[in-house]
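Protein chains in written order, with our numbering: chain A, 1 to 410; chain B, 1 to 410.
It is worth saying that the hints were derived from the structure and are not from the lab.
Built from N, CA and C at the ideal position, the CB exists for glycine as well.
Among the clues, some could well be false.
[Stated by the list, open to error] DSBU-like mimics (lysine-lysine), calculated; alpha carbons at most 30 Å apart, straight line:
1. B:Lys-148 / A:Lys-376
2. A:Lys-376 / A:Lys-156
3. A:Lys-32 / B:Lys-27
4. B:Lys-243 / A:Lys-32
5. A:Lys-6 / A:Lys-132
6. A:Lys-100 / B:Lys-32
7. A:Lys-17 / A:Lys-156
8. A:Lys-32 / A:Lys-132
9. B:Lys-6 / A:Lys-132
10. B:Lys-92 / B:Lys-6
11. A:Lys-148 / B:Lys-132
12. B:Lys-32 / A:Lys-92
13. A:Lys-132 / B:Lys-132
14. A:Lys-155 / A:Lys-27
15. B:Lys-32 / A:Lys-32
16. A:Lys-6 / B:Lys-12
17. B:Lys-288 / A:Lys-148
18. B:Lys-92 / A:Lys-288
19. A:Lys-6 / B:Lys-132
20. B:Lys-243 / A:Lys-376
21. B:Lys-12 / A:Lys-27
22. B:Lys-12 / B:Lys-155
23. B:Lys-132 / B:Lys-32
24. A:Lys-100 / B:Lys-376
25. B:Lys-376 / A:Lys-155
26. A:Lys-288 / B:Lys-376
[To be verified] Partial pick of chain A residues on the chain B-facing surface, computed with a CB cut under 10 Å:
27. Ile-48
28. Ile-117
29. Tyr-334
30. Arg-342
31. Arg-345
32. Gly-375
Here is how the chains run, residue by residue.
Protein chains: 2
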Amino acid sequence: MKSFFKVISPEKLLSYKHDFLCVGQEKCTIDKCLERILAEDMVASENIPAFRRATMDGYAVNATATYGASDANPALLFIKETIGMGEIPQEKIGFQEASKIATGGMLPEGADSVVMIEYTDAIDSHTIEVFKSVAPLQHVIDIGEDIKINSLQCKKGQVIRAQDLGCLAALGFQELCVYQKPRVAIISTGDEIVPISQSPSMGEIRDINRYTLSAQILQNGGIPVFIANVPDNFNDLCAACEKALAIADMVLISGGSSVGMRDYTVDTIQNFDQAEILAHGVSIQPGKPTILARLSNIPIWGLPGHVTSAMIVFHILVRPFLRHLAGELNPPFYSQPSISARLTRNIASAQGREEYVRVRLEQSSDGTLATPVQGKSGLIRTMVHADGLVVIPENDEGLDAGSMVNVFLI
Amino acid sequence: MKSFFKVISPEKLLSYKHDFLCVGQEKCTIDKCLERILAEDMVASENIPAFRRATMDGYAVNATATYGASDANPALLFIKETIGMGEIPQEKIGFQEASKIATGGMLPEGADSVVMIEYTDAIDSHTIEVFKSVAPLQHVIDIGEDIKINSLQCKKGQVIRAQDLGCLAALGFQELCVYQKPRVAIISTGDEIVPISQSPSMGEIRDINRYTLSAQILQNGGIPVFIANVPDNFNDLCAACEKALAIADMVLISGGSSVGMRDYTVDTIQNFDQAEILAHGVSIQPGKPTILARLSNIPIWGLPGHVTSAMIVFHILVRPFLRHLAGELNPPFYSQPSISARLTRNIASAQGREEYVRVRLEQSSDGTLATPVQGKSGLIRTMVHADGLVVIPENDEGLDAGSMVNVFLI
Numbered sequence: 001m002k003s004f005f006k007v008i009s010p011e012k013l014l015s016y017k018h019d020f021l022c023v024g025q026e027k028c029t030i031d032k033c034l035e036r037i038l039a040e041d042m043v044a045s046e047n048i049p050a051f052r053r054a055t056m057d058g059y060a061v062n063a064t065a066t067y068g069a070s071d072a073n074p075a076l077l078f079i080k081e082t083i084g085m086g087e088i089p090q091e092k093i094g095f096q097e098a099s100k101i102a103t104g105g106m107l108p109e110g111a112d113s114v115v116m117i118e119y120t121d122a123i124d125s126h127t128i129e130v131f132k133s134v135a136p137l138q139h140v141i142d143i144g145e146d147i148k149i150n151s152l153q154c155k156k157g158q159v160i161r162a163q164d165l166g167c168l169a170a171l172g173f174q175e176l177c178v179y180q181k182p183r184v185a186i187i188s189t190g191d192e193i194v195p196i197s198q199s200p201s202m203g204e205i206r207d208i209n210r211y212t213l214s215a216q217i218l219q220n221g222g223i224p225v226f227i228a229n230v231p232d233n234f235n236d237l238c239a240a241c242e243k244a245l246a247i248a249d250m251v252l253i254s255g256g257s258s259v260g261m262r263d264y265t266v267d268t269i270q271n272f273d274q275a276e277i278l279a280h281g282v283s284i285q286p287g288k289p290t291i292l293a294r295l296s297n298i299p300i301w302g303l304p305g306h307v308t309s310a311m312i313v314f315h316i317l318v319r320p321f322l323r324h325l326a327g328e329l330n331p332p333f334y335s336q337p338s339i340s341a342r343l344t345r346n347i348a349s350a351q352g353r354e355e356y357v358r359v360r361l362e363q364s365s366d367g368t369l370a371t372p373v374q375g376k377s378g379l380i381r382t383m384v385h386a387d388g389l390v391v392i393p394e395n396d397e398g399l400d401a402g403s404m405v406n407v408f409l410i
Numbered sequence: 001m002k003s004f005f006k007v008i009s010p011e012k013l014l015s016y017k018h019d020f021l022c023v024g025q026e027k028c029t030i031d032k033c034l035e036r037i038l039a040e041d042m043v044a045s046e047n048i049p050a051f052r053r054a055t056m057d058g059y060a061v062n063a064t065a066t067y068g069a070s071d072a073n074p075a076l077l078f079i080k081e082t083i084g085m086g087e088i089p090q091e092k093i094g095f096q097e098a099s100k101i102a103t104g105g106m107l108p109e110g111a112d113s114v115v116m117i118e119y120t121d122a123i124d125s126h127t128i129e130v131f132k133s134v135a136p137l138q139h140v141i142d143i144g145e146d147i148k149i150n151s152l153q154c155k156k157g158q159v160i161r162a163q164d165l166g167c168l169a170a171l172g173f174q175e176l177c178v179y180q181k182p183r184v185a186i187i188s189t190g191d192e193i194v195p196i197s198q199s200p201s202m203g204e205i206r207d208i209n210r211y212t213l214s215a216q217i218l219q220n221g222g223i224p225v226f227i228a229n230v231p232d233n234f235n236d237l238c239a240a241c242e243k244a245l246a247i248a249d250m251v252l253i254s255g256g257s258s259v260g261m262r263d264y265t266v267d268t269i270q271n272f273d274q275a276e277i278l279a280h281g282v283s284i285q286p287g288k289p290t291i292l293a294r295l296s297n298i299p300i301w302g303l304p305g306h307v308t309s310a311m312i313v314f315h316i317l318v319r320p321f322l323r324h325l326a327g328e329l330n331p332p333f334y335s336q337p338s339i340s341a342r343l344t345r346n347i348a349s350a351q352g353r354e355e356y357v358r359v360r361l362e363q364s365s366d367g368t369l370a371t372p373v374q375g376k377s378g379l380i381r382t383m384v385h386a387d388g389l390v391v392i393p394e395n396d397e398g399l400d401a402g403s404m405v406n407v408f409l410i
């Protein structure tokens, strides 16, 4: 028996992510940039709008000319022109003058506000009466009121949202510089594991981790690259690793990460000259038999073979690395969706490790309820029946029924 | 002036979604199915695992043979064989017999549990001592313990998650029947709107809604299809609509949905013989000038031209329609991520309409704080600076600083 030799806390493990550099950049047309990570600060190169814009149909006026106007005492204004949409007004507005304008139109020189058409009456084709005063800039978007020239709009390292695309489109950016999507290699190990294209014989089971891990990689901005199903054998695993290291920014090896008789992941990693094992064993449950190694800038993970453990280790540990490699900086504190719920049962937990409990959520008249899902960590069912995870901190002995918990949605 | 003729509540408008059928189905290989919507119930066609599986390295035994075993009084068992991974055991286990097995191995007939290797000692190559008793099924996953044959695993209409893919892979499904992605046509109207590929002259602005709406469509499982930038002119809008209706499952027309002099959306829709206007005007703010019409099974939306209004109307009204068309049934109650926060300022609101207030979130020692973002609904900046929306119900006059609110993340 080999033994665990480097059990560390999840915090310590996560701190290693800063030892890795993020991937390179690429140009991408703006319509392909949703949820990509921006690789440069975006500064406004112009004022938006570049002109005073009407936000109502009506008349562009100098506000002071309307002061005191009322039904009983309307202001009389002389019409200069009708301003065509998207066109430059031809006429200046003097004190008692107005030009007809529609929502979105450009205000003429001398005008600082728009009187809504509802508060005007046409006397003849050259004259209107105004029944209500407006304030300067009323019913107008001023120059630069939306976006000020030279102001920072979007930040390097942020995830690009729908509204960010709108802002960048407004500024005329047709291409953005984003980070490449990290390529994450997956190697599934186990003599008993067969690809799903193959009918398993008695004693064999289909490869599940390939699909759950691929999906988790996709959800976090990576490109999953499946390398192979590898039997529990040092040479085959070395060959698969070599292939993975040649093409990937990160490598996941599922199965074989523990210290049993068929666990070759540590040996395989150590077979690469430059590789350094940063952790073997993390104080979380499930997921203790997790390996993190580095080979130059590539994190290599040994993940537990049990599907639930592998998914939880991905969620808790691999995910922050992947998003770091992908170039994400300072994600918003709410970027991991969670929900507050009341626990319906006691949960016991051993001290000395952070425990992740799968829970099912339901709504009741008492608010949201979280019920632990029973079952071993080898059972995919327990993840299918779960809506989220509750964390029991390292030094707690458990949680009491009725207590409020924060459930991380999965 | 035309006038609003059918202002309805958002609830009433949303109820129309049930008048529309969802899109057709397609087969998709499982690696392409993440976040797609399942078009059929998935029932387990077999037991998983199909055999009793060891979850520890050790010896497969009949539990009763270990009862009472201790350091002082070990049980003596005779070794039958070493079970190769992925192989069918060759030997039955009798009462005082055991076979060596590794994690994931298949238990032989007669064995119901696994003794961990740590609690055994090899006397010679044929005999072991066992120092600890095991219970039946201990360190074993029983036949069907993960997935029971004939049990429902995933439901028609659900979004396929990572763990669902794992479950379906375990069952050997290589292709899934999912709903097609609805094609959503976008028409941007406005004489002053130019494509971002074009340099706007003074008085013109770039098309923003095309990009924000496309992104929102993508985020909700649709395929955005941009039709055209159309000037405010009945014939051009009719032509663009015709093109959109020929290829799309839903049509969005941004701008021209109000009752001003340049608003042609209603006229255009009415120009199609079979079209029926279901709503013109919704009691929400921003977003009142919203049109919903149907032409056979195609919802046609007239959205406000103001970018923020259009985004909020999409989020509140269009999104549920899109997800319904996409085949989604009974989404989990938490599928719209939200966060609880304390309001930092009073917000006033007019009665008689549901108001959506953009807020910025921050963490403080007092918990999460939500601060309203100031600015007109024509300003994209107000969405860029916002993290979420707070809803003020129709009959409330506002919200007080210090009150707890639910913020829908955007």
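Any hints this thing doesn't respect? Which numbers, in order? Per hint list: 2, 5, 6, 8, 10, 11, 12, 13, 16, 18, 20, 21, 23, 26, 30, 31 violated.
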